[in-house]
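Number of protein chains: 2
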Amino acid sequence: MIDQNKLPHSFEITACGTAAQTAKAIKDMTVRGAPAIGAAAGFAMAQAISENPKTSAAARATIESTRPTAVDLFYSTKRVFDAAAQATDGAKTAWSEANAIAGESVAACKAIGETGLDEVFGKRKKMRIMTHCNAGWLACVDWGTALAPIYAAKASGLEPFVYCTETRPRGQGARLTAFELSNEGVDHAIIADGAAAWLMKKGEIDAVIVGADRIAANGDTANKIGTFGHAIAAKEHGLPFFVAAPTSTIDPGLENGESIPIEERDENEVHLVRGVDEAGVVRTVRWTNPASHARNPAFDVTPARLITQIITEKGISTPSRIKELVE
Amino acid sequence: MIDQNKLPHSFEITACGTAAQTAKAIKDMTVRGAPAIGAAAGFAMAQAISENPKTSAAARATIESTRPTAVDLFYSTKRVFDAAAQATDGAKTAWSEANAIAGESVAACKAIGETGLDEVFGKRKKMRIMTHCNAGWLACVDWGTALAPIYAAKASGLEPFVYCTETRPRGQGARLTAFELSNEGVDHAIIADGAAAWLMKKGEIDAVIVGADRIAANGDTANKIGTFGHAIAAKEHGLPFFVAAPTSTIDPGLENGESIPIEERDENEVHLVRGVDEAGVVRTVRWTNPASHARNPAFDVTPARLITQIITEKGISTPSRIKELVE
Chain U
42 MIDQNKLPHS FEITACGTAA QTAKAIKDMT VRGAPAIGAA AGFAMAQAIS ENPKTSAAAR
102 ATIESTRPTA VDLFYSTKRV FDAAAQATDG AKTAWSEANA IAGESVAACK AIGETGLDEV
162 FGKRKKMRIM THCNAGWLAC VDWGTALAPI YAAKASGLEP FVYCTETRPR GQGARLTAFE
222 LSNEGVDHAI IADGAAAWLM KKGEIDAVIV GADRIAANGD TANKIGTFGH AIAAKEHGLP
282 FFVAAPTSTI DPGLENGESI PIEERDENEV HLVRGVDEAG VVRTVRWTNP ASHARNPAFD
342 VTPARLITQI ITEKGISTPS RIKELVE
Chain R
42 MIDQNKLPHS FEITACGTAA QTAKAIKDMT VRGAPAIGAA AGFAMAQAIS ENPKTSAAAR
102 ATIESTRPTA VDLFYSTKRV FDAAAQATDG AKTAWSEANA IAGESVAACK AIGETGLDEV
162 FGKRKKMRIM THCNAGWLAC VDWGTALAPI YAAKASGLEP FVYCTETRPR GQGARLTAFE
222 LSNEGVDHAI IADGAAAWLM KKGEIDAVIV GADRIAANGD TANKIGTFGH AIAAKEHGLP
282 FFVAAPTSTI DPGLENGESI PIEERDENEV HLVRGVDEAG VVRTVRWTNP ASHARNPAFD
342 VTPARLITQI ITEKGISTPS RIKELVE
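If you're matching them up, the sequences are chains U and R in order.
If you count the first sequence from 1, you need to add 41 to reach the numbering used here.
If you count the second sequence from 1, you need to add 41 to reach the numbering used here.
To be clear, the hints were calculated from the coordinates, so they are not data collected in a lab.
Treat identical chains as interchangeable: a pair holds within one or across any two.
The list that follows gives simulated cross-link-like pairs (lysine-lysine, BS3-like), each with its CA atoms no further than 30 Å apart:
1) K242 with K68
2) K243 with K276
3) K242 with K276
4) K243 with K364
5) K243 with K68
6) K242 with K364
7) K167 with K242
8) K166 with K355
Using the sequences plus the hints, can you model the full thing?
Right, here's the structure in full:
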């Protein structure tokens, strides 16, 4: 997998030879983004079953303890575990199932791109779209979710312009979305998270698209911290606010967003910033006041009423009808 | 003056021996915060008049070109310039007027603290207050504006807890407010700007207090970028949103916030982060994608309807009646 902690300062491929290594890569965010976590978790489960079928239940618990919020993780471990348990050749079946999950993810993201292209862009050649965090191909197996319609637009000759919110504290917008868009030749500008509402007010943003880590049955959506505030600001300015996600992100067992577990991560993610110095050396510096502590909730929940449409591989839905797509 | 660009990693006092040096210190944010800019601009004007009375009009234009948004700057240059022009001993009068401005600023901030203590805290012993950017004693000659009621509360035995939003891109919250609060022994936590709305939703914030760079006659308030989004989120959650500022920040000549000039600063403020590495060396790193550009509006305007009360040295006012305080 691509080591996303090192981007954009260096591009490194990391091999995870054991289930434990893959689980660690999920936990420390070497791999991140709900669909990519889902695919990695499926492979981690297959690795664990290959390593020792007798301890695979314990291994599943370990894998599932890495990140609590993205439901794709639990979807994948369950699917691989259950498939192997019902098969005569458990390990072979597990690998096959993990590969199927990854393949389905690619197909779902491609479909989200095509559907989202029609819904978001309509027939408009130029759209200025804001996205938060990274929900592009780095966050998925390929294509992306929130960025898939933008890539589809670019490929079909439209001229999207993307505002990437930095997405403090981890900088997935400043580091990863900006990196992807540069690679794909999509015009864009990084903005501080705090600049989003003002650019909306000034008429410089036409629509917002974000990914999702978990969607409850009523359409409430957990996503990277900051999403909720941007959704409130979009509503205030009458801008459409789209969520793009595969249906594996929908958790029909959760009535609403109140019970989605929200991960609180290490405060050092706020204090420490990694970058390149003038000599080209990658360094980590502490930028905050040394004697101070930080709070670091990693996700928030955007209530369904702030979401215009949810774009999935099975089509478009208002949040209130999202459950129908998985029934 | 304290070099605020170097805080909290080192505490250095910089002497500005000429008007040009003082103007440069305002422009490059060695000194920042509307009241501190106002005081520095008054002294810069006095320096210019001492250096050469004949070129003082040109010098005034130079000083006034440093930062466009904070009205305190223009208030001070005008006041010192006009006083000197009407006096027989121009230089002596200019210095006296500049000193008077600085002294009045201290008194105004102290009064804001006392008034704000009653208004914000009421009789509550524990309040969890969010503030954005830095409007403490670093931003003023002493005491601060938004932080003055918090310091007054601490001094009178109450137990304030402060959430300091990082305030990207320059980190005035993460660097300066956190530094001040540590020094004053006030409990606090730094949060990413994007975490504010979520903590409001979770019931962890009781009120918001911010400073101001310019207040229009109708109460619309320019302040650090990000303020507007926090005000929208506070309204959404029914939280009081206070602006604390001396009446010198009110610009009765501006009908509303539409015509407040908003400074757009260098994009490198988004790309570059200054901090301390593991060896204790202060370094500047680029944390964003190397090939990407950034937008960097430095201020935004919060409409009067989102502001609960404005706290000044002359008392409390609703935004709609703020003009009466300077008539």
